[in-house]
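Student: Chain by chain, the residues:
There are 2 protein chains.
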Amino acid sequence: MNRIGRLVCVLAVAWPAGAAEEAPLRGYAPESARVEREWEAKFRAIPDTQSLRDTMQRLSARPHHLGSPYDKDNAEWILGKFKEWGLDAQIEVFQVLLPTPKERRLEMLEPVQFTARLEEPAVAGDPTSGQNAEQLPTYNAYSIDGDVTAPLVYVNYGVPADYEQLDRLGISVKGAIVIARYGGSWRGIKPKVAAEHGAVGCIIYSDPREDGYYEGDVFPEGAWRPRDGVQRGSVMDMPLYPGDPLTPGVGATAEAKRLPLKDAQTLTKIPVLPISYADAKPLLAALKGPVAPAGWRGALPITYHVGPGPARVHLKVAFNWDLKPVYDVIARIPGSTAPDEWIVRGNHHDAWVNGAEDPVAGASALLEEARALGLLLQQGWKPKRTIIYCAWDGEEQGLLGSTEWAEAHAAELSRSAAVYINSDSNGRGYLYAGGSHSLEKFVNTVARDIEDPETKLSVWKRLQLQRIAESPESRQDARQRPDLRIGALGSGSDYTVFVDHLGIASLNLGFGGEDGGGIYHSIYDDFYWFTHFSDSDFRYGRALAQTAGTAVMRMAGADLLPYEFTNLADTARKYVGEIQKLLKDKQEEIRERNRQIEEGVFAATADPREKSAPPAAEPVPPFLGFAPLENGVEALARSAERYEKALAKAALGRASLQAANHKLIESERRLTDPGGLPGRPWFKHQIYAPGMYTGYGVKTIPAVREAIEQKRWTEAEAEIARVGRVLAAEAALIDGAAAELEKGATAP
Amino acid sequence: MNRIGRLVCVLAVAWPAGAAEEAPLRGYAPESARVEREWEAKFRAIPDTQSLRDTMQRLSARPHHLGSPYDKDNAEWILGKFKEWGLDAQIEVFQVLLPTPKERRLEMLEPVQFTARLEEPAVAGDPTSGQNAEQLPTYNAYSIDGDVTAPLVYVNYGVPADYEQLDRLGISVKGAIVIARYGGSWRGIKPKVAAEHGAVGCIIYSDPREDGYYEGDVFPEGAWRPRDGVQRGSVMDMPLYPGDPLTPGVGATAEAKRLPLKDAQTLTKIPVLPISYADAKPLLAALKGPVAPAGWRGALPITYHVGPGPARVHLKVAFNWDLKPVYDVIARIPGSTAPDEWIVRGNHHDAWVNGAEDPVAGASALLEEARALGLLLQQGWKPKRTIIYCAWDGEEQGLLGSTEWAEAHAAELSRSAAVYINSDSNGRGYLYAGGSHSLEKFVNTVARDIEDPETKLSVWKRLQLQRIAESPESRQDARQRPDLRIGALGSGSDYTVFVDHLGIASLNLGFGGEDGGGIYHSIYDDFYWFTHFSDSDFRYGRALAQTAGTAVMRMAGADLLPYEFTNLADTARKYVGEIQKLLKDKQEEIRERNRQIEEGVFAATADPREKSAPPAAEPVPPFLGFAPLENGVEALARSAERYEKALAKAALGRASLQAANHKLIESERRLTDPGGLPGRPWFKHQIYAPGMYTGYGVKTIPAVREAIEQKRWTEAEAEIARVGRVLAAEAALIDGAAAELEKGATAP
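Line by line, the protein sequences are chains X and L. Heads up, the first sequence is in this note's numbering, so the first residue is 1 and it goes up one at a time. Heads up, the second sequence is in this note's numbering, so the first residue is 1 and it goes up one at a time.
Treat the hints as calculated values from the structure; they're not laboratory data. Any given hint could be a false lead.
[As the list claims (entries may be wrong)] Taking lysine-lysine pairs in the DSBU-like style, the calculated list, with each CA pair at most 30 Å apart, reads: (1) X:645 x X:441; (2) L:611 x X:461; (3) L:581 x L:384; (4) L:269 x L:102; (5) L:586 x L:684; (6) L:456 x X:611; (7) X:461 x L:586; (8) X:611 x X:456; (9) X:456 x L:611; (10) X:581 x X:711; (11) X:574 x X:711; (12) X:461 x X:574; (13) L:441 x L:649; (14) L:174 x L:262; (15) L:456 x X:581.
From just these sequences and the hints, can you work out the full model?
Tutor: Okay, here's the thing in structure tokens:
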């Protein structure tokens, strides 16, 4: 059989989506590409749905939160598996601050007496839901201790814009306990903003509008959150820094120097407690005051009022403030020719309770990849670069395992890590790929080679068609741009320390969009729920293993690391345009509002029977000089074009490429600034960061964007200059890499 | 005291909003304007909030639906009042078909047994809510008799677009009973469209999302619909023809020729019954099948499913099909110099139950105007034109009183009626003015002279500021256009026969926008509710009397009828633009959908676990020749400009104006076509009509717009030509009126 025939035969079994097997592989010489494609095809044939199912059943069999017996048990089981598959594995242990509840109490004292249940009942037929001896109670980690009694105010999602609306209603939360619904921001933002406005306590509940019967039938009849279901979760101030609150910037080893608890900056300022909608309903029903604005109303069968009061609430929380061990399981496949270039792949193994979806759906795919790579190694596969598989612990409380490990290994990682590839939860549907835009083209090429289990299209094609269906804006891009855009990374999973702190190009991969569900961070996120309502036949678990594993192999085997910078430049240009528009919109909005104040619009349209406060006139934002950003983008675009031309002519023989590869590894580092972002030096990346007031949600070019959002104009000007310099430095580095390639160019 | 001093003094008492007392009055010679303004100021000082309150209390003291004892009693009381105030009044009686319930039954047979209550309970503290001996049961008038048992399907609002969505979900209503929520269209559309799709019965319920606790606290704690509240209402096919179903096009006098009941075209095709949300909840909760699309979900604490079934429902309704007397109370003030030019003013007096808001809030303002005009007559006021005040009966069941009266008097009205000014419900807030656009400038000038009771601005100014606040689109218009736009009239109140059937320029006036409430067509729309939750101090009742009465006087006293046609031309141009955009958008939408079908978007984005049917490709709509409409609009604009120039130079001495006034009265008639609209010849107006599938909602240039919406392209071309001719004829008439003015022009 000739080469094409053989390939087609392999492909017909392993990836019948009809991938571009003839197309050159970026960063690969033709012969290397042929070999790589053969190994990849073998790889993708290995992941097995029964194996994924067995792994999930094992890992989610008991509650396995950080510090629990089964968390350690799982870590040791994973270690054993890595070793069984021939990988060089070990457990690395860190000691982190972990508050667990001693006391939780929430009661309404007026106008009626009510004591919140604060418990998730077991569900008949769901065997693990009754393991209450091992379940963590419902709470928010890194709430401070507190005991407060105060009138209640409903603050919608509790984001800054909601407090502006409260101002317009003439309502203050000073001295009040606020009740906010989940959604609209990462949960940790809610107590932070509440405290900034003078609240003394914060209750967070799951409204059935976003997370209950409004969305679909509730568990166990359906996938959605039942009345007593509670979303646990961290409220650590992660936009300041994630990881152990006592060891910012350094690994929380046993001997690390620790802050005293009172100096930890990432604990909340006020006590916080999450509750179910069954517990929230009597509280919300007891509020009077203005009817909540239309956008604030949830799906409880009540008239939502804002308060304050007459509901008067007593909230008490107290915690054990212990150090607990984090068990990160780390496995290595040493690189054959470039052992000092690392491809890091991770997924956490700890959960809030049983965590079948979060994180075991992703963790079992990661383990399936490791098993498959072990088999390839036995067959003689030799990756050029070192591959490191990581099963993180303590993600749920604040990215503890990944952050402490990366802080502990910062020097080696900074030197060697070419990429970090993350996954977390997984479900049915469409490929979600977020990450560094120098990897946008790379992840697009991978996605073209993975078969979607439901449609038999490539996952790339299915995603493209979904983008066409989605909206007129995404449609045009999806049809005309060669690559589908990937989202920028905010926070909320273990890539954070890699991309934001160390400047390592990162990807976050997963499938989803078809499954709904409301078991997030509850006892109902378990094997029973997952096998009834999510990727029940584990075909998307297999697709995730195939996608992430292919990405790992293709990065590890390339002659030249397959970064691409024209998409980065295009994306940076888009961000700069967005920021310019943000300023212009703010100017127009404030100019218009001032004009309306002058015209008397607010006085004329206020209903005299309703209390309201018209907004105050404010200065129109000044014009800012965006030239440094614009020049930075243009330099980046020029260098990226030069690099593409150089690559097209480059001879991808090994000897000449080491210098180019080392420069390329540097490319994401150059997007960082050692000083970090204003007020949060841990965050070094100048293009991506979680927002100070979004938490998980990304802010791109964050220093400039947030300065404008928060009306700090002098800072905005300074940050424009700084980011402009970062972009120029990136352009210079890419020029350097291009020059390396030009040295070894083939004749035109 | 000089003239200005005297005027200021009067104005300071009567309308301190600072009106344009110096501005000339359109259609008035300077001296006539001075006299008119004095009488108007006297008029506006008369309406009295205590008097309005007393009238409301009297008229709403007992249920007074068509055919009830207190309906007749009210008519006689109103007659007595008109006479007491010195008006020449009489009751005109018509005999109309009125179905009243003999039997109403709604029960669920599977999966659980449930019998709907179908009753609104009395509320403690609300004295009239317990008058159940006289209350009409909850029902929809002009439902046919029926007794059906079938699976249930939830159809959202039950408009055509909802059935397209059901098609996409692969669900048919053939043989089913549908349950639709109120809203999204006039209620009569719901059974009509359901029957067109093969349903055998229709239940309509009030969802708390639009009409209950979601919006605000429920009665009696708040203004909103309580759990057992039901919206009665007519489901007659009014877009075909309103009024007595047995006497289309002719007055339902005792001796009128009547259709046999079986030939009446405006009864529903399937049985219909309205229910409360308390009664709807068990039915909706028992549905399975797909989860309802997000936009379909209401505020009940359930997961909304579409069905069909397993809920199986038995619906039985049977009615007495009797003729009942309609009592229209008609009062005249004969014109002093142009008795053959009529200013007609009306509001209905009948209600579904006690009807404090609907219609007594409007009817008591109308009576207050009549009282005030009676006082002016005693003081020597002599309107030039004849004024006719009408208190209609039988509006609720299908505009019966107004339609039969106007059909009976069609010949005189066609000859003489210059304008019909309507009102109906009334509340607090902003002036709502809809009507013929030849009256747009007129109603703007009136609104500038009325004081808003809450802000002390003119109601015009307050409305302008509200439009500025509303949206960027309305903002620009509100700031730049000299006149605020008025809405076109659809249907749903007594202006329908005047504007749509007879082509009489019409206005509909009322205040609202600040009060919310959910007592529409229920037993709770009563004096207790109104005086607790609406215009409780009757200041907006007074404002309505001042507005409508000023409009009546100013039309009746003008030397030259104050129509204005540049706004009409501008509006017609806007409508033609909208229709061109409608076609273009349809072309693009279908072209894009066909492309997506070809690309495989629908197959790729369908969740295999959910049943769905991709849309079928369909031909892209052809281009249509809009030139006749465009030429018609341009001709109209030129004539309107010519008329304005002629008016500016005209000497408004009486003798020369009779011919011009007679032409002007014709101007709205010219916008009709004797053949009427396609398939509904009763509707003669070519610019305004209620939509065949919106019911109350207006369709402008309806023949063309609906032909395009319903993809009847040949018809659309023909209707474009016809409406083009109508616009050209209107232009010619206006030219004629201008020529009359030019004859008597003053020297330039």
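Student: Confirm or reject each hint.
Tutor: Evaluated hints:
1. X:645 x X:441: holds (16 Å)
2. L:611 x X:461: holds (22 Å)
3. L:581 x L:384: Violated, at roughly 45 Å.
4. L:269 x L:102: Holds, because 19 Å separates the two Cα atoms, which is no more than 30 Å.
5. L:586 x L:684: holds (27 Å)
6. L:456 x X:611: Status holds; Cα separation ~19 Å.
7. X:461 x L:586: OK: residue 461 of chain X and residue 586 of chain L at ~28 Å, within 30 Å.
8. X:611 x X:456: violated (59 Å)
9. X:456 x L:611: Satisfied, since the Cα-Cα distance of roughly 19 Å is no more than 30 Å.
10. X:581 x X:711: Holds. Residue 581 of chain X to residue 711 of chain X sits at ~15 Å (cutoff 30 Å).
11. X:574 x X:711: holds (22 Å)
12. X:461 x X:574: holds (24 Å)
13. L:441 x L:649: Holds: residue 441 of chain L and residue 649 of chain L sit about 19 Å apart, inside 30 Å.
14. L:174 x L:262: Holds, because 24 Å separates the two Cα atoms, which is no more than 30 Å.
15. L:456 x X:581: At roughly 40 Å apart (the allowed maximum being 30 Å), residue 581 of chain X and residue 456 of chain L break the hint.
Hint compliance for this structure: hints 3, 8 and 15 are broken, all remaining hints hold.
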